[in-house]
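Peer 1: Sequence:
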Amino acid sequence: MADQSLFEYQTTKHRVDGLSEAHKESQRCWMPPDHEKFKLNVNAASFAEMCCTSIRAIVRDHIRRVVFTYCVKILSLFDPLIAVLLAMRKGLVLVSNFGLQIQMLESDSSNAVSLVNSATDGLTAMDLITGDIKSVMSINEYGTCSFIPRSRNEAVHKLAKPSSVFTTLMYWLGKLPSCLCDVVAKDLPL
19 MADQSLFEYQ
29 TTKHRVDGLS
39 EAHKESQRCW
49 MPPDHEKFKL
59 NVNAASFAEM
69 CCTSIRAIVR
79 DHIRRVVFTY
89 CVKILSLFDP
99 LIAVLLAMRK
109 GLVLVSNFGL
119 QIQMLESDSS
129 NAVSLVNSAT
139 DGLTAMDLIT
149 GDIKSVMSIN
159 EYGTCSFIPR
169 SRNEAVHKLA
179 KPSSVFTTLM
189 YWLGKLPSCL
199 CDVVAKDLPL
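Each residue of the sequence shown is one higher than the one before, counting from 19 in my numbering.
It should be emphasised that the hints constitute simulated quantities derived from the structure, not laboratory data.
Please note: incorrect hints may appear among the correct ones.
Claimed, not checked - Result set (DSS-like, lysine-lysine): computed pairs, CA atoms no more than 25 Å apart in a straight line: (1) 152 - 91; (2) 55 - 204; (3) 193 - 55; (4) 152 - 108; (5) 176 - 55; (6) 152 - 204; (7) 91 - 108; (8) 55 - 91; (9) 176 - 193; (10) 204 - 193; (11) 91 - 176; (12) 152 - 55; (13) 204 - 176; (14) 91 - 193; (15) 176 - 108.
It should be emphasised that the depicted structure is a prediction, and the values quoted were computed from it without experimental measurement.
Produce the complete structure using the sequences and hints provided.
Peer 2: So, in structure tokens, the structure goes:
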């Protein structure tokens, strides 16, 4: 009887541990949008030593293929929150120009996501930028703006260093920048 109970406990623990590992893996990896939809992931970083801000984004489809990537170097330092909002706005405008239908805008800045999801009609810089973001999303029927953990936004983080050396806007349409190959490969299902 005790042997049977121990066996059942070990079997159940093994199954639960396996589920926990699968859950951890799904939390680590980027999750694809619905069929024939696109997801826009954005990020920003400031480089005080170079007095510049890097904003960047990646658009992927339902089969995890990178369809669009951009990096912009702005020769000015911005508050991190404003920088992420600028990345959101620039990303939405660029994908709109290329005719991509975004299902979801994602960022690992919970403050930026909260501002976008509760945008008001104020006159501060943040209000104006978030108003622009909401307008572009509404006009183009772009879906939602959501927070994701940094572990699911690694590919766009990887663009930080390369984008700091560009002189202006760089974008890749239908191509994957070589600096992203390893991190995008990690997001593929096993």
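Peer 1: Are the Cα atoms of residue 152 and residue 55 separated by 25 Å or less?
Peer 2: holds (19 Å)
Peer 1: Are residue 91 and residue 108 close enough, with their CA atoms no more than 25 Å apart?
Peer 2: Satisfied, since the Cα-Cα distance of roughly 12 Å is no more than 25 Å.
Peer 1: Is residue 176 within 25 Å of residue 108, Cα to Cα?
Peer 2: Measuring from Cα to Cα gives roughly 18 Å; hence the hint holds.
Peer 1: Hinted pair, alpha-carbon criterion (25 Å max): residue 152, residue 108. Please report holds or violated.
Peer 2: holds (13 Å)
Peer 1: Do the alpha carbons of residue 91 and residue 193 lie within 25 Å of each other, as the hint requires?
Peer 2: holds (20 Å)
Peer 1: Between residue 55 and residue 91, is the straight-line Cα distance small enough, at 25 Å or below?
Peer 2: Distance ~28 Å between residue 55 and residue 91 Cα, so the pair is violated.
Peer 1: CA of residue 193 to CA of residue 55, is that 25 Å or under?
Peer 2: holds (18 Å)
Peer 1: Checking one constraint from the list: CA of residue 204 to CA of residue 193, max 25 Å. Satisfied?
Peer 2: holds (17 Å)
Peer 1: What's the verdict on residue 91 and residue 176, does the C-alpha distance respect the 25 Å limit or exceed it?
Peer 2: holds (15 Å)
Peer 1: Going straight from one Cα to the other, do residue 55 and residue 204 come out at no more than 25 Å?
Peer 2: With Cα atoms ~21 Å apart, residue 55 and residue 204 stay inside 25 Å; holds.
Peer 1: Going straight from one Cα to the other, do residue 152 and residue 91 come out at no more than 25 Å?
Peer 2: holds (23 Å)
Peer 1: Given the hinted pair residue 204 and residue 176, is their Cα-Cα distance within 25 Å?
Peer 2: holds (13 Å)
Figure legend: structure checked against the earlier numbered hints; hints not met, in rising order: 6, 8.
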